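Q: Chains as they are written, first to last, in the working numbering: chain G, -15 to 398; chain R, -15 to 398.
Identical copies go unnamed one by one, so any copy, or any two together, can satisfy a pair.
Below, simulated BS3-like cross-link-like pairs (lysine-lysine); rule was C-alpha separation at most 27 Å, straight line:
#1 K380 with K342
#2 K45 with K57
#3 K19 with K73
#4 K392 with K301
#5 K57 with K19
Hints were generated in silico from the structure; no laboratory data involved.
Only a predicted model underlies this, so the values are computations on that prediction, with no experimental measurement involved.
Number of protein chains: 2
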Amino acid sequence: MEELIKKPGTVTKSDQMFSDRIADVPRSFIREILKVAISPDVISFAGGLPNRNLFPVEELKVSAGKVFDTMGKDALQYSNSEGYLPLRKYISNYYSVKHGLPVHSDNILITSGSQQGLDLLGKIMLNHSDEVIIEEPGYLGAIQAFSLYRPTFRPIPLLNDGIDTVALEKTLSGGDPKLMYVVPEFQNPSGISYSSDVRLKVIKSLQGKRCFIVEDNPYIDLRFEGTGSKSFYSYLPEKTILLGTFSKTTVPGFRMGWIVAPDDLMEKLLIAKQAADLHTSIFTQMLLFSYLSDYDNDSHIRKIINVYGRQRDAMVKAIERYFPSDVKFTCPQGGMFLWVTLPGTLSSMELFNIAIEKNVAFVPGNPFYTDRRDHYSTLRLNFSCSDETVIDEGIKRLGGSIDELMGKSMSEAN
Amino acid sequence: MEELIKKPGTVTKSDQMFSDRIADVPRSFIREILKVAISPDVISFAGGLPNRNLFPVEELKVSAGKVFDTMGKDALQYSNSEGYLPLRKYISNYYSVKHGLPVHSDNILITSGSQQGLDLLGKIMLNHSDEVIIEEPGYLGAIQAFSLYRPTFRPIPLLNDGIDTVALEKTLSGGDPKLMYVVPEFQNPSGISYSSDVRLKVIKSLQGKRCFIVEDNPYIDLRFEGTGSKSFYSYLPEKTILLGTFSKTTVPGFRMGWIVAPDDLMEKLLIAKQAADLHTSIFTQMLLFSYLSDYDNDSHIRKIINVYGRQRDAMVKAIERYFPSDVKFTCPQGGMFLWVTLPGTLSSMELFNIAIEKNVAFVPGNPFYTDRRDHYSTLRLNFSCSDETVIDEGIKRLGGSIDELMGKSMSEAN
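This is chain G alone, in the form it adopts within the complex (with noise of 0.2 Å):
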């Protein structure tokens, strides 16, 4: 079959007609392999996916209902660029009452997916060359976001217990950043957090620099075992932007995101955001609202919880047990991925290659390096959204596939 896999930032040549910033975003990898593991043959590891039987179905439908019936008109007209003020205060609540964190209404934007928020936030900040500090391996989303604004991005690797603060420490004293983007909890796509410590020494290592945090915590509430540490926000509040999302927490189809900054950066991020699209649904926003406010999306999230549990718990046990010993895994507390490296220098992409014949798809670690060098033996498995028995299945072929690959390399050794 046609070699699917193409090194990220391969673009199609640019002409004058388009513009430089185009150039420099790296081309969807993962949109690519997606329509690959479209086919309903293949078990896909490689799309980021909630698991779509958990969601709310008959409630938004009353909560849809109910916003016609209640709101009627005034959820179908233009709206104000901040959001829902009811929605915003309940994300200000959800903020105390859960993470113990002060945010204010004011301070918090609804954006279209916190994908939005990314976009918004490199809009009004970055400069052609201006550095962001990235996990290596990083999330793609905010890769491609920031890359439309031709940053530099400094990535520092991810260690297992967060970032590796010596690195930082050390490109902090080289460089001027202006954000470092982190996912501190269950990250996309290593499924690592940050210690208490790690988080400690981050702090200390920004302190009187002008670097702010962006703390995009999509996966914070899906935590199977084990506790969360304190956020960014709680040590410097004046320097860290949070992102959230409903999208893996209620429904993703819905785009429905939201960011937290200081006021002076909000003022921009308003401007930048109606310029951007005025604003985000205001009815959806409503519908949002009502089901948040008539349901208990709280044990709706203890359900895909422990649902996305005995997912994590399905597909180490089969790692252990299909996989040669030598394969290196991450065994995340929460979210919705895991993260390989296999021995050597044996290669994703090859077995990607393998593994598609066999029917099985995941992603190779390439597109979440910014530096793009080949990255040769990495790659990101997600476990939400496929059940027990389809996981173990998938697994073992995925086996098969890393036995064939070895097998390969091994005669060519020879």
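Mind docking chain R on chain G? Use the hints.
A: What follows is chain R alone, placed relative to chain G:
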């Protein structure tokens, strides 16, 4: 009261924390005005809101229930960036049946309102200092969206039958613009439509140039009288980008629009759309499509036309009755706005301050110009969201305000 009107372009002093581009965006002038105009005592001709009494609330409620029943989880999961294919096919069919234009669904991208189409277009095409031709006065949303990509605007005055083709020819001969942004039917803010003759001259002037025409037609289907002229797309499909929206013909609160572009642009627009917000709410797309399939939206549009047509008549009649005879104004054949020019050097800024004391609001002309000089004597009036009695009373108060301003101006001159 506090002087509300500030010069467009006066932004808060930017420091190095922010990007250069955000400093270039005019502060939302209309936003400030709407804040004062929100009092229930104020008769506002300032906003650009469709008449809320015409929203199809019950029909959309039924359609929402149907989407939950028939599409269920598919309406709530992540979706593709292009948009819901049946909705794109509906739009393709709309162009064919209503406007005789062959537009393939592959060349249609669903956006979060047509405002997002402007943002994505600026993002993929405009480098700093690239030239953009814009009508003078021009649509504020386009000025805002494009400003973020720091182009050099080349404003061309609007005459009674469209853009000044002599001035256009001169601008084209001395430059190499990338985009020419036009609203050829019932333009916002002026209410002016392009004649066939002007369209043909524009096409001729653009021959051999790299410049794309961006044809934004939010009001095209709201024609009260007369017949329209052929779209630029029918002459130059490969060089015309179309923007459309459901905001004016169905509901604005859903933020549902689209952009039509040739293949090579579409590829880049998709990358930018994905980086901006992944996709537009799939639930809302399905809801809108369900409504459009099950109900007669053409008859709904006829209802809107009937009401807005009567409201325009009421406004024109009231202007003729209450305004001094040397005040000039346009009489649009459709849309939502008309444009007033005060005699001599009378200032619409000063008029605003007098009028708001009499509880009537409008938008002074300044924000619709890109050159940031003062355009004292012009103003925009909206007739879509006030009924005929209110329009009569508001125009009466405004006429009184003009008399007061003229009296003041006379006494100052003496």
